[in-house]
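Student: The residues making up each chain are set out below.
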Amino acid sequence: MNFTANSSPLLLVHRRMETVTQDRVTEIMLTPQFYTMKREALPLKYAYQARKIAPSLFEGLLEESGTYAYFVYRDGEEWVFVAYDPDEIMAFLQDKGLPVHQVSKIYFAQQSVAEFASPVALNDTEALGVIDNTVVLLPRAVLAEAEYRSFGEHFRPAKGVKLAGAASGALLPVQYAAVLAVVFGLFGMMWIAEGIRFGGENAALRSQLEALYEANPALKSTYARESILSKYRSIDVEERKKRDIVAKVSKLIFKGVTLTDLSISGGKFSAHFTIDDPGLRKRFDALLKNSGLAPKSSGTGSELVVEGTL
Amino acid sequence: MMLSRYRNELIVAAALVFAIGGLVYKYVRYTSVVEANRMIVKELSTVHEAAELKKVWGDRQIVKKLERIRTTVPAGKMLWRLKGRRLQATFRDLQDAKFNTVVSTFLSSAVQIESLKVDKGAQGYGLEIKCKW
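Residue numbers (our numbering), protein chains in the order written: chain A, 91 to 400; chain B, 1074 to 1206.
All clues given are correct.
Beta-carbon label-pair distances, calculated as ranges:
| hint | chain 1 | residue 1 | chain 2 | residue 2 | range |
| --- | --- | --- | --- | --- | --- |
| 1 | A | Lys-345 | B | Gln-1185 | 29 to 37 angstroms |
| 2 | B | Ala-1148 | A | Thr-399 | 35 to 43 angstroms |
| 3 | A | Gln-123 | B | Val-1090 | 40 to 48 angstroms |
| 4 | A | Leu-295 | B | Gln-1196 | 57 to 65 angstroms |
| 5 | B | Glu-1108 | A | Ala-137 | 54 to 62 angstroms |
| 6 | A | Ala-236 | B | Val-1090 | 51 to 59 angstroms |
| 7 | B | Asp-1192 | A | Gly-391 | 16 to 24 angstroms |
Calculated from the structure, these hints are not laboratory results. Backbone N, C-alpha and C fix where the C-beta goes; we use that ideal spot for every residue, glycine too.
Construct the entire structure; sequences and hints are all you get.
Tutor: Below, the structure written as structure tokens:
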């Protein structure tokens, strides 16, 4: 079984052909009615060089209203140049019931010049034959004695062209599709690579945690941790508040100010101060304000009480 | 037939799906790694805090530190009642420096102060403290 075999039918397209009634993807061979051909012996090595000079070879030969494309191939020592109008061909094919998206490839009869050595009848009056190594349209009247052969798969050349822009009926031309696919593909690969590069969890943090567990095996249990935290967190907060109050009260003591009484109990505190010199009151009030504590009353006497809750 | 017709679009669509898949993979991976690290940091912080709290407030050697106070204050100025892990200590007539030393020793120890009373007398400071650990 040959999986690479071309399964598309090959259709010979000429001006007086019948309307096509099929929906398969088709390859077509154009008769000389659809192209202009020139044969030149040029010292060119590559087809792209020949393609470059093709338009200049047909200057004055083609109708100026048309938009032409060029197909070039080598035939022995000569280069064969074919000029065709894709728009005209597409319009004709559409008219004959063959939408361009059904046409996968086009060939030119000249490419199979050897096969046309025996003429191929197109209809009752016309046939394709070869004159001077060129495939031409001939009236059947001049080929009265000729033996006709039928058109078939063996006429299919190795190389063909796609109708520019609309060969597959696709909305996106193949060049744009290729560029977009490559761009999207590159971005996809880049993002996947970035994703892989993120790696796993932070190894340094994990080793730090393991070291901590090694030093405190009992804390491996979440239950044990939560139990310790619930027990000691509130103690820590409460005791820090008590020590903070003592620290604040001690900062209020300076020469001329005496702490006569301090009591911390049951979530409350109370501090009694004696201020020897009324002139020191201003400084004391400033310190009191900075410490965030408030006096019980805002009197101006020498005795002052500061109270509050922890 | 239709697939062949839209071959270019299908190729672009497949590439786009691949790119979107790559992007989703990147973000899923990123999110999972960030989340895993966040969990470790949280666990580390919790374990560290639990270890520190236990070390400070679960210290069974506090009594030794407090006993040092007894050696620095004359017995006549002090009443020391230690019962299990509870202490009621009363000091009287402490001079400023000694008073500061005693108070600082208590406050720097990880004891739970149940009550603290300071009063200034003619001979010096008096202190009454009830604490446990």
